[in-house]
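> The listed protein sequences correspond, in order, to chains Z and P. Be aware that the first sequence starts at 1, since it is given in the working numbering, and climbs by one per residue. Be aware that the second sequence starts at 1, since it is given in the working numbering, and climbs by one per residue.
Don't read these hints as lab results, they were simulated from the structure. Here the structure is a predicted model, which is why all the values come from computation and not from measurement. Treat each hint with caution, since some may be false.
Covered, in the sense of this in silico footprint (three residues per stretch, anywhere, with C-beta under 8 Å from a C-beta of chain P), are these stretches of chain Z [stated by the list, open to error]:
# : region
1 : 12-22
2 : 87-93
3 : 141-147
4 : 163-172
5 : 281-288
6 : 298-310
7 : 486-492
Negatives, chain P to chain Z, calculated, CB over 12 Å [said to hold, decoys possible]:
#  : residue
8  : Thr107
9  : Thr131
10 : Asn161
Taking lysine to aspartate or glutamate pairs in the EDC-like style, the calculated list, with each CA pair at most 20 Å apart, reads [claimed, not checked]:
#  : chain 1 : residue 1 : chain 2 : residue 2
11 : P       : Lys285    : Z       : Glu517
12 : P       : Lys180    : Z       : Glu16
13 : Z       : Lys308    : Z       : Asp68
14 : Z       : Lys193    : P       : Asp122
15 : P       : Lys23     : Z       : Glu452
16 : Z       : Lys49     : Z       : Glu340
17 : Z       : Lys49     : Z       : Glu133
18 : P       : Lys24     : Z       : Glu133
19 : Z       : Lys54     : Z       : Glu517
20 : P       : Lys24     : Z       : Glu460
21 : P       : Lys24     : Z       : Glu452
22 : P       : Lys23     : Z       : Glu460
23 : Z       : Lys301    : Z       : Asp68
24 : Z       : Lys518    : P       : Glu117
25 : Z       : Lys518    : Z       : Glu16
26 : Z       : Lys308    : Z       : Glu291
27 : Z       : Lys193    : P       : Asp256
Where is the CB? At the ideal position from N, CA and C, for every residue including glycine.
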Amino acid sequence: MKRRFFTGRQLRQLREYLTAYLMIAPATVLIFAFGIFPVGFALYVSLHKWRIKKGEFRGLTNYLKAIDNLTYVLLFALALGAIIAGFLILRRIILRIREENPGNKVWLLTIPGAALSAAAYAFVRWSVLLLPEVLAIADKIWGLEKTRQLFMGLLKEAFLTPRVVEAWRLFLGSLLISLILSAAAFYLVRGMKFFQYLAQFFLAWIVLPLGGGLLWVTFQDVQSAYQTALEEGTDPGIWPQVITISCGVLLLIGAWKLWSRAADQRHTWSFLARIVAAVGLLIGAWLLIGELPRVIASGDKGMWNGLKVTAFYSLGTVPFQLGFSMFLAILLFQNLWGSELFRMLFFLPYVTPTVASAAIFRQLFSNRYQAPVNQLLIGLGLEPLQWVREPQGIFSMMADAAGIGLPEWAAGPSLALVVIMIYSIWTYVGYDTVIYLAGLGNISTAIIEAAEIDGAGGWEKFRYIIFPLLSPTTYFLSLIAIIGTFKAFSHIWVMRQGSALGTTDTFSVVIFSEFFEKLRYGYASALAFVLFAIILSLTLINQRLQGDRVFYG
Amino acid sequence: MARSRLFSRPAVTAEQDAWLQLKKVLRVFFTYAILILGMLISITPFIWMILTSLMTLGEAQGIRWIPSTLHFENYLNAWDEAEFSEYFFNSVYITVITLVGQVTFSTLAAYAFARIEFPGRDLIFTVMLSTMMIPAMVLIIPNFLTVTWLGRIGPINWINNWPALTIPFMGSVFSIFLLKQFFAQIPDELYDSARIDGAGHLRFLWTVVIPLAKAPMMVIIVLSFIGSWNALAWPLLVTNSPDWRPIAVGLNNFVDEAGQELNLMMAGTFITIIPILIIYFFTQKQFTESIARSGLKG
Numbered sequence: 001m002k003r004r005f006f007t008g009r010q011l012r013q014l015r016e017y018l019t020a021y022l023m024i025a026p027a028t029v030l031i032f033a034f035g036i037f038p039v040g041f042a043l044y045v046s047l048h049k050w051r052i053k054k055g056e057f058r059g060l061t062n063y064l065k066a067i068d069n070l071t072y073v074l075l076f077a078l079a080l081g082a083i084i085a086g087f088l089i090l091r092r093i094i095l096r097i098r099e100e101n102p103g104n105k106v107w108l109l110t111i112p113g114a115a116l117s118a119a120a121y122a123f124v125r126w127s128v129l130l131l132p133e134v135l136a137i138a139d140k141i142w143g144l145e146k147t148r149q150l151f152m153g154l155l156k157e158a159f160l161t162p163r164v165v166e167a168w169r170l171f172l173g174s175l176l177i178s179l180i181l182s183a184a185a186f187y188l189v190r191g192m193k194f195f196q197y198l199a200q201f202f203l204a205w206i207v208l209p210l211g212g213g214l215l216w217v218t219f220q221d222v223q224s225a226y227q228t229a230l231e232e233g234t235d236p237g238i239w240p241q242v243i244t245i246s247c248g249v250l251l252l253i254g255a256w257k258l259w260s261r262a263a264d265q266r267h268t269w270s271f272l273a274r275i276v277a278a279v280g281l282l283i284g285a286w287l288l289i290g291e292l293p294r295v296i297a298s299g300d301k302g303m304w305n306g307l308k309v310t311a312f313y314s315l316g317t318v319p320f321q322l323g324f325s326m327f328l329a330i331l332l333f334q335n336l337w338g339s340e341l342f343r344m345l346f347f348l349p350y351v352t353p354t355v356a357s358a359a360i361f362r363q364l365f366s367n368r369y370q371a372p373v374n375q376l377l378i379g380l381g382l383e384p385l386q387w388v389r390e391p392q393g394i395f396s397m398m399a400d401a402a403g404i405g406l407p408e409w410a411a412g413p414s415l416a417l418v419v420i421m422i423y424s425i426w427t428y429v430g431y432d433t434v435i436y437l438a439g440l441g442n443i444s445t446a447i448i449e450a451a452e453i454d455g456a457g458g459w460e461k462f463r464y465i466i467f468p469l470l471s472p473t474t475y476f477l478s479l480i481a482i483i484g485t486f487k488a489f490s491h492i493w494v495m496r497q498g499s500a501l502g503t504t505d506t507f508s509v510v511i512f513s514e515f516f517e518k519l520r521y522g523y524a525s526a527l528a529f530v531l532f533a534i535i536l537s538l539t540l541i542n543q544r545l546q547g548d549r550v551f552y553g
Numbered sequence: 001m002a003r004s005r006l007f008s009r010p011a012v013t014a015e016q017d018a019w020l021q022l023k024k025v026l027r028v029f030f031t032y033a034i035l036i037l038g039m040l041i042s043i044t045p046f047i048w049m050i051l052t053s054l055m056t057l058g059e060a061q062g063i064r065w066i067p068s069t070l071h072f073e074n075y076l077n078a079w080d081e082a083e084f085s086e087y088f089f090n091s092v093y094i095t096v097i098t099l100v101g102q103v104t105f106s107t108l109a110a111y112a113f114a115r116i117e118f119p120g121r122d123l124i125f126t127v128m129l130s131t132m133m134i135p136a137m138v139l140i141i142p143n144f145l146t147v148t149w150l151g152r153i154g155p156i157n158w159i160n161n162w163p164a165l166t167i168p169f170m171g172s173v174f175s176i177f178l179l180k181q182f183f184a185q186i187p188d189e190l191y192d193s194a195r196i197d198g199a200g201h202l203r204f205l206w207t208v209v210i211p212l213a214k215a216p217m218m219v220i221i222v223l224s225f226i227g228s229w230n231a232l233a234w235p236l237l238v239t240n241s242p243d244w245r246p247i248a249v250g251l252n253n254f255v256d257e258a259g260q261e262l263n264l265m266m267a268g269t270f271i272t273i274i275p276i277l278i279i280y281f282f283t284q285k286q287f288t289e290s291i292a293r294s295g296l297k298g
């Protein structure tokens, strides 16, 4: 009997797959091209001197310029993190093998896993070598008549550059070998979970060499930094700094863990643990604080200033925004007549296009004495202010008015930044109110009624019932708001004035102006990665610290 | 009701009762006072904008709040001379193109992710979701380089043209995620019966799923509308002439350049706000809900 290559059912299955791939294709291609590929591309740009056109490879120079020796610390931490992750994956594999007991042969899978990871690295190498060749097509085609043929020819040329071809061959070779090895392992091991095990080994083999490689790069770079320093006769002091900062962070984390666990125990040694933790915290914090000024002094002033402005901006907006909106939401929740209308109007500022509302605020808080806010001040018998153009810190302005001199570090956010904070609070209160209203709607009335029966007054109801039950909402909103301050761009860009001397430039604005105004693409990309690292670690810290304090009913 | 009476406090005297009444009235009064104050703070900037946009230039630069006569011709001037008509229609084109692309592609992808099983589905979806964490500032530089490159090698220019302003935004992870959540809830029986009637995936999507998914579709339409109407950083980069400059960039430039013509500027600002306002007032509930759910704004 002649057997058909595919049965009808398999054919239908294949058609189903094909339909699915075709359906996700447009969105996936776009998200890859403009959302995933750019991350790698940005990393590539950040390692080069790149002012409109690609310049020479500079390694970590851009990062060093921004955060100086902190680069090594971060790289070191990243390397350690990767190695630890690798060991965790390995441990999980071992635990799984112990649990599912698929036989000792499963360890053979580590060989195809390693080969596959080598192939993956070869692929990355090929892409990195190919990228500049493909980019160069745009320059070669410049001024010529753009035809399909010409482009195809140039593209072929790019792919056939000797180095690229060599990398491609290496990739193909390693892929072939790993596929053969995988097939052999499949023949030997079989089992249902074959692909899951293989994937885990593959992952371990991706992560561990990555950690090792990063560690090696760090050592190499530090070594060469010492070399140049030796020639100049200075001491770069990188190792002491790396060690101090890492120790500080480790002590902080360890002490925090001890502290949070000590609460569960009821013995004398839990008390001791707390003391140890407190001491560890103090030492860790001290090490960090002692090292910070040096790091900041040697990094990029503009960037650190941007970070400071962002911190001011967060501190000056998030608590107020959340406080006002919680208050308004509780008032609105009573379902008075017209609360729908109020809600709609509170939400209006948030809905308005950012550029438009920022343009209005820029005029309201203009430095002209006829501007509405200055008129209000004059009406109250006060002097008009410069508002959006004022670079002086508000605390020092207040101190000046009171006749006291303040040191520079206590100057506080500039008045121009305060205007932006006011704008920001004005915009986001409506949004937060709507979310809080949703949160209030989720609180069961039975709990509140029970509290009322127990004789709880308005404040007690709020303090002991509503506030804790709203904590998930507060957590969510504060996370969104803090990350939002790091992303804030449009309104600051509109309200930004030259005479405010950069006191309103948050981190995002610093990046954008490095890129858009100073045309330093490489450096701006490095800064963007610093921002990325900050946002990621903020999210993680927030989850760790607040995650277990939030009460989910 | 009986229970609450059971637990209510012991009988109150008439005096106490009056005091309680007064307390209640005072509470309502203060609640309204605070709400009205909040409302005034929210809308005063808008009122000032509208009033200023109707003044003569001299009045707008003075300290008056109420225009002596209403100069509606400011809107005509902003519309014609300050080129707001051009910016406005640019924004309309950009928004419509983005919207059509994004809704089509997201619906197709969300359907496949939600209702078809295929190898690599979860992996691809997870990778997509993880891109939502990447800050826009990381993407903006390489995307600018990519778009420049595409314009140089391709048949049409991307910079200063519609492709750079629309195509990168047609693939939206958030829209796919939102629609997928909804599509996954549609019962399998519906698909089975549709298939027995001879319908394939596309027909099922078009005739059954989309009519059911009007609410989430509305949400992504509203969100993508706001997103492309408000965008500033990216259009600022990829447009350098008024030909394709959207209204947000146009207004931003006008604020910088024509700082003196306050009345025209406020007229232009109002023109920028109007479309969003119209949508907001007509689809208020869905609008509020969709923004509240996404937590996104330019």
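> Each hint needs a verdict: does it hold in this structure or not?
Verification of the supplied hints:
1. Check on the region 12-22 of chain Z: 5 of its residues sit with their Cβ under 8 Å from a Cβ of chain P, so the three-residue criterion for coverage holds.
2. By the rule of at least three residues with a Cβ nearer than 8 Å to a Cβ of chain P, the coverage given for the region 87-93 of chain Z is violated, with 0 such residues.
3. A count of 3 residues in the region 141-147 of chain Z with a Cβ less than 8 Å from any Cβ of chain P is obtained; the coverage claim is therefore met, three being the minimum.
4. Interface restraint, the region 163-172 of chain Z with chain P: violated (0 residues with C-beta to C-beta distance below 8 Å; minimum three).
5. Proximity of the region 281-288 of chain Z to chain P, defined as three or more residues with a beta carbon under 8 Å from a beta carbon of that chain, is not established by the 0 residues found.
6. A count of 0 residues in the region 298-310 of chain Z with a Cβ less than 8 Å from any Cβ of chain P is obtained; the coverage claim is therefore unmet, three being the minimum.
7. For the region 486-492 of chain Z, the assignment as covered by chain P holds, since 4 residues bring a beta-carbon within under 8 Å of that chain's beta-carbons and 3 suffice.
8. Its beta-carbon lying about 9 Å from the closest one in chain Z, threonine 107 (chain P) breaks the requirement of being farther than 12 Å from that chain.
9. With a least beta-carbon separation of about 4 Å from chain Z, threonine 131 (chain P) fails to lie farther than 12 Å from that chain, contradicting its non-interface assignment.
10. With a cut of 12 Å on Cβ distances, asparagine 161 (chain P) stays outside the contact zone with chain Z, its closest approach being about 14 Å.
11. The suggested pairing of lysine 285 (chain P) with glutamate 517 (chain Z) is violated, with an alpha-carbon distance near 41 Å, which exceeds 20 Å.
12. For the hint linking lysine 180 (chain P) to glutamate 16 (chain Z), the alpha-carbon distance of about 18 Å falls within 20 Å, and the restraint holds.
13. Proximity of lysine 308 (chain Z) to aspartate 68 (chain Z) is assessed by CA-CA distance (about 17 Å); at most 20 Å being required, the pair is judged to hold.
14. A threshold of 20 Å between alpha carbons decides the hint, and for lysine 193 (chain Z) with aspartate 122 (chain P) the separation of about 17 Å falls inside it, so the pair holds.
15. Annotation: proposed proximity of lysine 23 (chain P) to glutamate 452 (chain Z) holds, straight-line Cα distance about 17 Å (limit 20 Å).
16. Our distance criterion of 20 Å between C-alpha atoms is broken by lysine 49 (chain Z) and glutamate 340 (chain Z), whose separation comes to about 55 Å.
17. Of the supplied pair hints, the one linking lysine 49 (chain Z) and glutamate 133 (chain Z) holds, its CA atoms being roughly 17 Å apart against a limit of 20 Å.
18. For a cut-off of 20 Å, the pair hint linking lysine 24 (chain P) to glutamate 133 (chain Z) is broken: about 76 Å separates their Cα positions.
19. A threshold of 20 Å between alpha carbons decides the hint, and for lysine 54 (chain Z) with glutamate 517 (chain Z) the separation of about 17 Å falls inside it, so the pair holds.
20. Restraint check for lysine 24 (chain P) and glutamate 460 (chain Z): the C-alpha separation of about 18 Å stays at or below 20 Å, so the hint holds.
21. With a C-alpha separation of about 16 Å, the suggested pairing of lysine 24 (chain P) with glutamate 452 (chain Z) holds against the 20 Å cut-off.
22. The hinted pair formed by lysine 23 (chain P) and glutamate 460 (chain Z) meets the criterion: a straight-line CA distance of about 17 Å does not exceed 20 Å.
23. For the given pair, lysine 301 (chain Z) sits about 11 Å from aspartate 68 (chain Z) by alpha-carbon distance, which is consistent with the 20 Å threshold.
24. In summary, the hint linking lysine 518 (chain Z) to glutamate 117 (chain P) is not supported, as the alpha carbons are separated by about 49 Å, beyond the 20 Å threshold.
25. The suggested pairing of lysine 518 (chain Z) with glutamate 16 (chain Z) is violated, with an alpha-carbon distance near 51 Å, which exceeds 20 Å.
26. Straight-line distance between C-alpha atoms of lysine 308 (chain Z) and glutamate 291 (chain Z) comes to about 17 Å, which keeps the hinted pair within the 20 Å bound.
27. Of the pairs offered as hints, the one joining lysine 193 (chain Z) and aspartate 256 (chain P) is violated, with about 63 Å between alpha carbons and a cut-off of 20 Å exceeded.
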